[in-house]
Amino acid sequence: GQSLEQPSEVTAVEGAIVQINCTYQTSGFYGLSWYQQHDGGAPTFLSYNGLDGLEETGRFSSFLSRSDSYGYLLLQELQMKDSASYFCAVISGYSTLTFGKGTMLLVSP
Amino acid sequence: SQTIHQWPATLVQPVGSPLSLECTVEGTSNPNLYWYRQAAGRGLQLLFYSVGIGQISSEVPQNLSASRPQDRQFILSSKKLLLSDSGFYLCAWSPRQGEKLFFGSGTQLSVL
Chain A
478 GQSLEQPSEV TAVEGAIVQI NCTYQTSGFY GLSWYQQHDG GAPTFLSYNG
528 LDGLEETGRF SSFLSRSDSY GYLLLQELQM KDSASYFCAV ISGYSTLTFG
578 KGTMLLVSP
Chain B
44 SQTIHQWPAT LVQPVGSPLS LECTVEGTSN PNLYWYRQAA GRGLQLLFYS
94 VGIGQISSEV PQNLSASRPQ DRQFILSSKK LLLSDSGFYL CAWSPRQGEK
144 LFFGSGTQLS VL
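Going down the list, the protein sequences come from chains A and B. The numbers in the working numbering rise by one with no breaks, and the one at position 13 of the first sequence is 490. The numbers in the working numbering rise by one with no breaks, and the one at position 74 of the second sequence is 117.
Okay, chain A solo, but in the shape it has when bound (with noise of 0.2 Å):
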């Protein structure tokens, strides 16, 4: 089976940076992903990692290291509308993904 882990929850104050990691554990692993969730919204796509290395997407920049089972999610420039759940997520066969507990991020002026 699958399984991550990512912290529960992680406080920043505007401009600042602030980095978000997800370790996982799986098979038939594809990539790694990385959405945004509202409270009371649906999720929406960010980032994917299919390769190691870092992918760069405004302020949101996602990272993956294969050998280390290990992704991260860094967002710059905090901005109040940034606080929000964050999920990394696994891809694996027939293009299932399985989702990590969620970070609950809290941007404070």
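Accuracy of the hints is not assured; some may be wrong.
Listed below are several chain B residues computed to face chain A (Cβ distance under 10 Å; list not exhaustive) [claimed, not checked]:
1) W50
2) N75
3) Q81
4) L89
5) G149
Note that these hints are calculated values from the structure, not bench results. Note that the structure is a prediction, hence the values are computed from the model and not measured. Here a beta-carbon is modelled for each residue, glycine too, at the ideal position from N, C-alpha and C.
Given chain A, put chain B in place with the hints provided.
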């Protein structure tokens, strides 16, 4: 462009009643389709996924079932709801490779 529709947004049902949640996708063909459930403050649990019409894979054995009668239609059902079925139900689709999931707006189900 592709869109996904999921309804209803909220549902309150008594224990033992049936359930039918519907999800449709527009603007794409032959998508992978998924049903997830999210308990309050928790992660997303994969319930069912489908790679084609009539092809359903179940991840968690329970009193729920899913059907895909048409290419872009995915239905989640139950004959008799349990209290533990309460939660936020999310339908999603992805292209074949599954790198990116697109979620519907979700259904908040309360079983009383």
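Status of the hints after comparison with the structure:
| no. | hint | in the structure |
| --- | --- | --- |
| 1 | W50 | violated (13 Å) |
| 2 | N75 | holds (5 Å) |
| 3 | Q81 | holds (9 Å) |
| 4 | L89 | holds (6 Å) |
| 5 | G149 | holds (5 Å) |
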